[in-house]
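Given these sequences and hints, build the entire structure.
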Amino acid sequence: MDALLIDYRDPLFAVLLIAGMVFVIAFVSYWWGVYVKSRKSRRLQRFLKRFETHGVRKSLETMPYTPEMTQPLVLLARAYEKSGEYNNAIEIGLYLLEHVQDEATVYELMELVGTTYMHAGFLERAHTTFLQILKSNPRNKKVLNDLMVVYERLQRYDKAAEVVESLEAMDVEVGDLKRYVELKLLIQDPALDDNERVERLVRFYEKRKVHERIVLEYLLRHAPQRAWEMVRDEEVERLVDIFWFLPTSFLDVDRIKELPKLKAVYGARGDIEPAESTGWFLVDMMNHLRKTGYKEATFQFAYLCQSCKQQFPVPFERCPKCLALDSALVEIELTKASDETGYNLL
1 MDALLIDYRD PLFAVLLIAG MVFVIAFVSY WWGVYVKSRK SRRLQRFLKR FETHGVRKSL
61 ETMPYTPEMT QPLVLLARAY EKSGEYNNAI EIGLYLLEHV QDEATVYELM ELVGTTYMHA
121 GFLERAHTTF LQILKSNPRN KKVLNDLMVV YERLQRYDKA AEVVESLEAM DVEVGDLKRY
181 VELKLLIQDP ALDDNERVER LVRFYEKRKV HERIVLEYLL RHAPQRAWEM VRDEEVERLV
241 DIFWFLPTSF LDVDRIKELP KLKAVYGARG DIEPAESTGW FLVDMMNHLR KTGYKEATFQ
301 FAYLCQSCKQ QFPVPFERCP KCLALDSALV EIELTKASDE TGYNLL
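The sequence shown begins at 1 in my numbering and counts up by one.
It cannot be assumed that every hint is accurate.
[As the list claims (entries may be wrong)] Using 25 Å as the maximum straight-line C-alpha spacing, the simulated BS3-like pairs for lysine-lysine come out as follows:
no. : residue 1 : residue 2
1   : Lys159    : Lys184
2   : Lys209    : Lys261
3   : Lys82     : Lys141
[Claimed, not checked] Pairwise CB distance ranges (calculated):
no. : residue 1 : residue 2 : range
4   : Lys321    : Phe281    : 21 to 31 Å
5   : Lys135    : Arg238    : 20 to 30 Å
6   : Glu173    : Asn137    : 17 to 27 Å
7   : Pro67     : Ser338    : 54 to 64 Å
8   : Cys322    : Glu217    : 39 to 49 Å
In case anyone wonders, no lab produced these hints; they're calculated from the structure.
From a predicted model like this one, the values you see are computed outputs, not experimental measurements.
Just so it is clear, CB atoms sit at the ideal spot from N, CA and C, and this is done for glycine as well.
Below, the structure is given as structure tokens:
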């Protein structure tokens, strides 16, 4: 029996053993790669089947796909996304995902589709898309940042805090994000009573000096007297729209008269006597018009993102275009008064 077996000390036996092990490892690795690729493909197909498409997609499906079409269509989808034609951008992205084989391009397209869903307001679809990407690429910083924005818009700040922790673990600067999420969690915390929440909000602002618009709007709704106590004259220009649209019943006239710029704002609005010059051109002009008896002028406001320089008609905590935090700059325009009045706190 022993004669039929190769002596384990024979060099030929060792060579055959090593060759066999290499073959087995290569064989297993190859089929494992095939299995993983197949699983990713099935997962992508399940993802694509979740969303119905129509419109420009029908035109694309009449043309036979070739790899040369990929980059031009990606550029076209990005152009649609930039111009606000989100439906067309999404359909082109989904069409390409059904045909593209290159893994890097697939993730680029999924990221484009997810971002477009987010900008279009389809937050649950954006959420699903970003999670799909992160299953295979969990260290994608841009996708994590966009996922955090989705959680913010869904007001799921506990989940946003988890994403911030992930970004911080990857050495991303998250100081502003942490403060913003901390503030939102503080406002939402059901364990706090109203008085405790107000005091903690005041301490938050006094310590960090950020997100003053969020803090002031909350305090004016829930603790007006505390809000007036924390107002400083140097903050009035940055928050002038809030003061301008406040209902008369919210005003603390004694506090207003202590602050020159605040006094000028309400003199311009007509709640108190017109104020003297403060060096604030449009507000001083409005006060001068009030002194002459002219009442047909008013202010309207626009909001400029200091990061991307885009202008918007409504205030924002995070720029709708570039997603920068706390970047809104209030711009005043003098215009003819109308009969309509709007209050941003009601």
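Verification of the hints:
A threshold of 25 Å between alpha carbons decides the hint, and for Lys159 with Lys184 the separation of about 12 Å falls inside it, so the pair holds. A C-alpha spacing of about 20 Å is found between Lys209 and Lys261, which places the hinted pair at or below 25 Å, so the restraint holds. A hinted pair counts as satisfied when its Cα atoms are at most 25 Å apart, and Lys82 with Lys141 qualifies at roughly 21 Å. Hint check: Lys321 to Phe281, Cβ distance near 28 Å, so the stated range 21 to 31 Å holds.
A C-beta distance of roughly 42 Å is found between Lys135 and Arg238, which places it outside the suggested range of 20 to 30 Å. In this structure the hint that Glu173 and Asn137 lie 17 to 27 Å apart at CB holds, the actual value being about 21 Å. Look at Pro67 against Ser338: about 57 Å separates their beta carbons, and that is inside 54 to 64 Å. The given range of 39 to 49 Å is broken by Cys322 and Glu217, whose C-beta atoms sit roughly 23 Å from each other.
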